[in-house]
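For the sequence shown, position 79 matches number 79 in my numbering, and the numbering has no gaps at all.
Just so you know, these hints were derived from the structure itself, not from any lab. Just so you know, not all the hints are guaranteed correct.
In silico SDA-like pairs for lysine to any residue, Cα to Cα no more than 20 Å straight-line [said to hold, decoys possible]:
| # | residue 1 | residue 2 |
| --- | --- | --- |
| 1 | Lys70 | Gly22 |
| 2 | Lys70 | Cys38 |
| 3 | Lys2 | Lys14 |
| 4 | Lys117 | Gly135 |
| 5 | Lys28 | Arg108 |
| 6 | Lys117 | Gln158 |
| 7 | Lys101 | Glu57 |
| 8 | Lys14 | Val54 |
| 9 | Lys101 | Leu59 |
| 10 | Lys44 | Tyr3 |
| 11 | Lys70 | Thr102 |
| 12 | Lys128 | Ser89 |
| 13 | Lys52 | Asp98 |
| 14 | Lys128 | Ile72 |
| 15 | Lys101 | Glu50 |
| 16 | Lys85 | Met122 |
| 17 | Lys70 | Phe103 |
| 18 | Lys52 | Cys40 |
| 19 | Lys128 | Val154 |
| 20 | Lys70 | Leu107 |
| 21 | Lys44 | Leu133 |
| 22 | Lys128 | Leu55 |
| 23 | Lys56 | Glu92 |
| 24 | Lys52 | Ile81 |
| 25 | Lys32 | Glu21 |
| 26 | Lys117 | Thr86 |
| 27 | Lys26 | Leu55 |
| 28 | Lys85 | Gly135 |
| 29 | Lys128 | Gln158 |
| 30 | Lys128 | Arg68 |
A quick note: this is a predicted structure, and the numbers were derived from the prediction, not measured.
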Amino acid sequence: RKYLCDLFESAGVKNQRFINEGLHRKIKMAQKQGMEVCYCIGEKESQRKEWKTVLKEQLEIGLKDVDRTKIIIGYEPIWSIGPGKTPASQAEITAVVDFIKTFDPALRVIYGGGVKKENAAMLANIQKMDGGLIGLTNFTDHLGFHPEEFIEIVDEYQCHIKEESR
1 RKYLCDLFES
11 AGVKNQRFIN
21 EGLHRKIKMA
31 QKQGMEVCYC
41 IGEKESQRKE
51 WKTVLKEQLE
61 IGLKDVDRTK
71 IIIGYEPIWS
81 IGPGKTPASQ
91 AEITAVVDFI
101 KTFDPALRVI
111 YGGGVKKENA
121 AMLANIQKMD
131 GGLIGLTNFT
141 DHLGFHPEEF
151 IEIVDEYQCH
161 IKEESR
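From just these sequences and the hints, can you work out the full model?
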């Protein structure tokens, strides 16, 4: 989504509908080949006040006439991803997950903004969310993906889920 957005904006096109329609075609092609799709949606900093409108358009266009049982929605708040940015709060993420579930209660929703050891317990505590994406495991001294840190993140997440279900 970000790549397409940057590409279209460099050509002077600011209409997000083109991006959503392009991603919709990719979803249809992937499903035609028997694949399940993680469809990432999210809003930029400049779109935060109208996040519901932005996400609704992404969902309506992207999921039109597709098999939603073979879709996972990855919520990626673009404004909160990356070094030096303020992470989305539990309340903000919960509001988005609730909004997505009102669009279609059967949709599986994961947090795509990056599950880290620091936010794993908080994310595990969002009841309607179905999981999260771990891209990088270390964002500071040894930027990258480190298997031992991956295991720590999963353990932190799982540990909190077990505590909640007791």
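Outcome of the hint check:
no.	hint	result
1	Lys70 / Gly22	holds (18 Å)
2	Lys70 / Cys38	holds (9 Å)
3	Lys2 / Lys14	holds (13 Å)
4	Lys117 / Gly135	holds (12 Å)
5	Lys28 / Arg108	holds (18 Å)
6	Lys117 / Gln158	holds (11 Å)
7	Lys101 / Glu57	holds (15 Å)
8	Lys14 / Val54	holds (13 Å)
9	Lys101 / Leu59	holds (11 Å)
10	Lys44 / Tyr3	holds (13 Å)
11	Lys70 / Thr102	holds (18 Å)
12	Lys128 / Ser89	holds (15 Å)
13	Lys52 / Asp98	holds (11 Å)
14	Lys128 / Ile72	holds (13 Å)
15	Lys101 / Glu50	holds (18 Å)
16	Lys85 / Met122	holds (17 Å)
17	Lys70 / Phe103	holds (16 Å)
18	Lys52 / Cys40	holds (15 Å)
19	Lys128 / Val154	holds (18 Å)
20	Lys70 / Leu107	holds (9 Å)
21	Lys44 / Leu133	holds (19 Å)
22	Lys128 / Leu55	holds (17 Å)
23	Lys56 / Glu92	holds (16 Å)
24	Lys52 / Ile81	holds (19 Å)
25	Lys32 / Glu21	holds (17 Å)
26	Lys117 / Thr86	holds (16 Å)
27	Lys26 / Leu55	holds (18 Å)
28	Lys85 / Gly135	holds (16 Å)
29	Lys128 / Gln158	holds (15 Å)
30	Lys128 / Arg68	holds (17 Å)
In this structure, every one of the numbered hints holds.
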